[in-house]
Amino acid sequence: MKKKLSLGKRLLSATPAFFKRAQLFGVSLAGLGTSLTQVIGIPVKLCTILITAGTTITVISQFAVEQYEPINHEKNEVK
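Quick note on my numbering: the sequence shown kicks off at 296 and runs consecutively.
Keep in mind that the hints were calculated from the coordinates and are not lab data. Computed from a predicted model, the values in this text were never measured in an experiment. Hints may be right or wrong, so weigh each one.
[Claimed, not checked] SDA-like cross-link-like pairs, simulated, lysine to any residue; straight-line CA separation at most 25 Å:
id, residue 1, residue 2
1, Lys315, Ala359
2, Lys340, Ala359
3, Lys315, Ile352
4, Lys315, Gln357
5, Lys299, Lys340
My request is simple: use the sequences and hints to build the entire structure.
Shown next as structure tokens:
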């Protein structure tokens with residue numbers, strides 16, 4: 296039986312290393328978009344896309360949970 300986590304437990308549980316890097320990338324992308332809003336000549340649409348993409352990557356990667364129990368693949372064996 297699969298163990299289901301509540302939203303709070305999922306947010307507070309350990310995050311795998313790949314998704315921690317993805318969070319860092321998302322935060323830096325959002326920061327880049329935010330800092331580019333102050334530069335004259337940069338389209339607002341580009342800044343909005345960078346901020347939205349970075350925020351989305353950060354939030355989605357937060358929901359990844361490190362797996363402690365092995366996955367049991369039930370194989371249908373023909374006898």
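Verification of the supplied hints:
Restraint check for Lys315 and Ala359: satisfied, since their Cα atoms lie roughly 9 Å apart, inside the 25 Å limit. The suggested pairing of Lys340 with Ala359 is violated, with an alpha-carbon distance near 30 Å, which exceeds 25 Å. With a C-alpha separation of about 11 Å, the suggested pairing of Lys315 with Ile352 holds against the 25 Å cut-off. Proximity of Lys315 to Gln357 is assessed by CA-CA distance (about 8 Å); at most 25 Å being required, the pair is judged to hold.
Restraint check for Lys299 and Lys340: the C-alpha separation of about 39 Å exceeds 25 Å, so the hint is violated.
Comparing the model with each numbered hint stated earlier shows that hints 2, 5 do not hold.
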